[in-house]
Amino acid sequence: DGGITQSPKYLFRKEGQNVTLSCEQNLNHDAMYWYRQDPGQGLRLIYYSQIVNDFQKGDIAEGYSVSREKKESFPLTVTSAQKNPTAFYLCASQSGVRRFYEQYFGPGTRLTVT
Amino acid sequence: DQQVKQNSPSLSVQEGRISILNCDYTNSMFDYFLWYKKYPAEGPTFLISISSIKDKNEDGRFTVFLNKSAKHLSLHIVPSQPGDSAVYFCAASSSQGAQKLVFGQGTRLTINP
Chain A
1 DGGITQSPKY LFRKEGQNVT LSCEQNLNHD AMYWYRQDPG QGLRLIYYSQ IVNDFQKGDI
61 AEGYSVSREK KESFPLTVTS AQKNPTAFYL CASQSGVRRF YEQYFGPGTR LTVT
Chain B
1 DQQVKQNSPS LSVQEGRISI LNCDYTNSMF DYFLWYKKYP AEGPTFLISI SSIKDKNEDG
61 RFTVFLNKSA KHLSLHIVPS QPGDSAVYFC AASSSQGAQK LVFGQGTRLT INP
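Protein sequences appear in the order of chains A and B.
Residue numbers for the first sequence follow my numbering, beginning at 1 and rising by one.
Residue numbers for the second sequence follow my numbering, beginning at 1 and rising by one.
Keep in mind that the hints were calculated from the coordinates and are not lab data.
There could be a bad hint or two in this list.
Claimed, not checked - Each pair of labels, with its calculated beta carbon distance range: (1) 22(A) x 16(B): 40 to 50 Å; (2) 17(A) x 10(B): 15 to 25 Å; (3) 56(A) x 2(B): 14 to 24 Å; (4) 98(B) x 14(A): 29 to 39 Å; (5) 14(A) x 17(B): 27 to 37 Å; (6) 70(B) x 16(A): 46 to 56 Å; (7) 69(B) x 16(A): 28 to 38 Å; (8) 17(A) x 60(B): 28 to 38 Å; (9) 12(B) x 80(A): 33 to 43 Å; (10) 26(B) x 39(A): 19 to 29 Å; (11) 70(A) x 14(B): 44 to 54 Å; (12) 39(A) x 12(B): 27 to 37 Å; (13) 80(A) x 9(B): 39 to 49 Å.
Don't be surprised by glycine CBs; every beta carbon is placed ideally from N, CA and C.
Whenever a hint applies, use it, and build me the whole structure from the sequences.
Listed below in structure tokens is the structure:
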């Protein structure tokens, strides 16, 4: 089945540690996205990539980093510079064809930093 | 700068009645609008969309209305069912510029038996 996988479902880290969240898709989509969801704030865009080896900052990129070495994979690293890392992180992908606007989401990763 | 706004954080509707969720936007460059449904601890799932060349799109129990002059769209669910209880996000995109969605804050819909 085609889809997006995110692992792990739950992640716990100590403050000051970097952590990498995995996102893989087998939909053959060109574009991939990382969002963060906090209560009452909807989905906020962290980073996005419209093509392999290229990515752009979203609205809240500070304290995060990404890479896009393969079309299928778009890992997100939450660095120790991110002041409030505890959140629900969602990865999404979208066809590169302009008329297809729908994004498909993974199940999310709940990150808790203490 | 909230370009897409859902001003009602929550909505409670009786089973069988109509649910109306509202969304406002400010960016006149937006020309495609989507609604997503999200259950707790899951990723959002696409529900229905509408292009700015239309003012209505219907899919089963779900209808989205677009009023471009008012920069307003709404999602109607009729009849409402208990399984419709979820958070609904409105999103907007522009055919110009980067290929990305701008989301509203979401509205939590509760369907009461």
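Tell me, which hint numbers fail for this structure? Numbers 2, 5, 7, 8, 12 and 13 - these are the hints that the structure violates, sorted from lowest upward.
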